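Q: Chains as they are written, first to last, in this note's numbering: chain C, 1 to 196; chain S, 1 to 196.
The hints are simulated quantities; they were obtained by calculation from the structure and are not laboratory data.
These figures come from a predicted structure and were not determined experimentally.
Please note that the accuracy of each hint is not assured.
Same chains, same names: a pair is fine if it fits in one copy or spans any two.
As a list, the in silico PhoX-like pairs of lysine-lysine whose alpha-carbon atoms are at most 25 Å apart [what the hints assert, rightly or not]:
1. Lys64 to Lys154
2. Lys117 to Lys12
3. Lys53 to Lys157
4. Lys64 to Lys157
5. Lys34 to Lys53
6. Lys8 to Lys157
7. Lys53 to Lys12
8. Lys8 to Lys24
9. Lys7 to Lys31
Now for the letters of each chain:
2 protein chains.
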Amino acid sequence: MFELLYKKITEKISLSEEEFEVCKTLFTSRKVRKRQFMLQEGDVSRYQIFVNKGLLRSYTIDEKGTEHILQFALEGWWTADLYSFFTEEPSLFNIEALEDSEVLLITRPSWETLLEKLPVLERYFRILIQNSLIATQRRLMESLSETAEKKYLKFMKMYPESIQRVPQHMIASYLGITRETLSRLRRDIATGGSGA
Amino acid sequence: MFELLYKKITEKISLSEEEFEVCKTLFTSRKVRKRQFMLQEGDVSRYQIFVNKGLLRSYTIDEKGTEHILQFALEGWWTADLYSFFTEEPSLFNIEALEDSEVLLITRPSWETLLEKLPVLERYFRILIQNSLIATQRRLMESLSETAEKKYLKFMKMYPESIQRVPQHMIASYLGITRETLSRLRRDIATGGSGA
DNA sequence: TAAGAACATTGATCTATGTCACATTCCGGA
DNA sequence: TCCGGAATGTGACATAGATCAATGTTCTTA
Chain C
1 MFELLYKKIT
11 EKISLSEEEF
21 EVCKTLFTSR
31 KVRKRQFMLQ
41 EGDVSRYQIF
51 VNKGLLRSYT
61 IDEKGTEHIL
71 QFALEGWWTA
81 DLYSFFTEEP
91 SLFNIEALED
101 SEVLLITRPS
111 WETLLEKLPV
121 LERYFRILIQ
131 NSLIATQRRL
141 MESLSETAEK
151 KYLKFMKMYP
161 ESIQRVPQHM
171 IASYLGITRE
181 TLSRLRRDIA
191 TGGSGA
Chain S
1 MFELLYKKIT
11 EKISLSEEEF
21 EVCKTLFTSR
31 KVRKRQFMLQ
41 EGDVSRYQIF
51 VNKGLLRSYT
61 IDEKGTEHIL
71 QFALEGWWTA
81 DLYSFFTEEP
91 SLFNIEALED
101 SEVLLITRPS
111 WETLLEKLPV
121 LERYFRILIQ
131 NSLIATQRRL
141 MESLSETAEK
151 KYLKFMKMYP
161 ESIQRVPQHM
171 IASYLGITRE
181 TLSRLRRDIA
191 TGGSGA
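Produce the complete structure using the sequences and hints provided.
A: Following this line, the structure appears as structure tokens:
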């Protein structure tokens, strides 16, 4: 149940199995079914979520009712609304399972305890968040400079696995284009397209 | 010379003046003139930059030659190309002073030393990067969902006067619109506009 | 295993914003 | 204090992608 988390942590920092025992006492495990919500807009994000198995997405809905996906979270990834988690303000995000999944949850108080007992985890989370920031900055720059087609091609290269598991209209929503546009540009790529 | 840095750090974590002495030995100070570059595309980002005084911007240039501004960095802010800084790969970013400025620089090796000697700074940097991630995620979601005009109005609300004093074409470039579009929507706001 | 829901495709049309070209204003340095 | 380049403004036109509407396809679950 905790193997993946231990593996992920020790990829970034060194942590003995004895130290890791502390983690086991502070996380709780939960199974979630496809389409089940871990967080709904307006609620406070009570947990940081580690995905043990399955796939989640976090997204907002704008005034027009259009969904915008911030993140897909696969096995071994973390997700949460960090702002809401730390400030306890209501969240603007929804977090929903796209497949039957298994997650590890940690509450804010447990998380504080964890960092007190294992301060070396500050480094782990710093690295994690740092990589996330780098990726988000890149995505922002690309969203401002690339055409819809290039964004899609880069996404496919970057996340080949997600392509198989996520419906197209959600990929469109992640890329900031409509499902119709994505459908059309896929057709164009498939026919004459770019390669040949 | 180090007062602002000390103030900024102790806003987030507690650090005695004695401990802070270590910092003083690991940073170097530099004055930069307006239009001077701290980093140019293709070079490795050798420093993390703390802005003591003045204003910098970091930006990329796409294949069409269009500039896209990732960040304005005011007094008390950090900037760097984190990816390049940590991987030592050539950077895709330029970092340029928009005013005569004064910065504190820390190299990668010094930064590693700093964290070894003062591990409590892991927490400081974690919090810093976390806030940056939250802000970048919000900016990304807004760039996907808002009109040019709303993005501009939010920008004006969000940022202090000093940033609003940067040339308009740079604000346009930060918002991901052309200077012509910004010019026109400012006219529209000024005349009939939104308020009245 | 059938019916409804979710998902994908396609055509016609619309629109916000980009592009290009030129005029005007502003500002820093000799 | 004047010059030249940077910055801004504006009109005419182009276009990527959105929107609307209809149809076809594939899950899923009772």
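Q: All the hints need checking, so say for each whether the structure fits it.
A: Hint check:
1. For the identical chains of this complex, Lys64 and Lys154 are inter-copy neighbours only, at 18 Å across copies versus 28 Å inside a copy, given an alpha-carbon limit of 25 Å.
2. Taking the closest pair of Cα atoms, Lys117 and Lys12 come within 25 Å of each other both inside a single copy (18 Å) and across two copies (19 Å).
3. Taking the closest pair of Cα atoms, Lys53 and Lys157 come within 25 Å of each other only inside a single copy of the chain (22 Å); across copies the shortest separation is 42 Å, beyond that limit.
4. Taking the shortest Cα distances, Lys64 and Lys157 sit within 25 Å of each other only across copies (22 Å), while inside one copy they are farther apart (31 Å).
5. In this homomeric assembly, Lys34 and Lys53 come within 25 Å of each other (Cα to Cα) only inside a single copy, at 12 Å, whereas the closest approach across copies is 52 Å.
6. In the homo-oligomer, the alpha carbons of Lys8 and Lys157 lie at most 25 Å apart inside one protomer (23 Å), although the nearest pairing across protomers, at 40 Å, exceeds that limit.
7. Proximity of Lys53 to Lys12 under the C-alpha cut-off of 25 Å is restricted to the intra-copy arrangement: shortest distance 20 Å within a copy versus 35 Å between copies.
8. Taking the shortest alpha-carbon separations for Lys8 and Lys24, only the intra-copy value of 14 Å comes in at or below 25 Å, while the best inter-copy value is 35 Å.
9. When the C-alpha separation of Lys7 and Lys31 is checked against a cutoff of 25 Å, the pair qualifies only within one copy, where the shortest distance is 20 Å, while the shortest distance between copies is 45 Å.
Hint compliance for this structure: no hint is broken.
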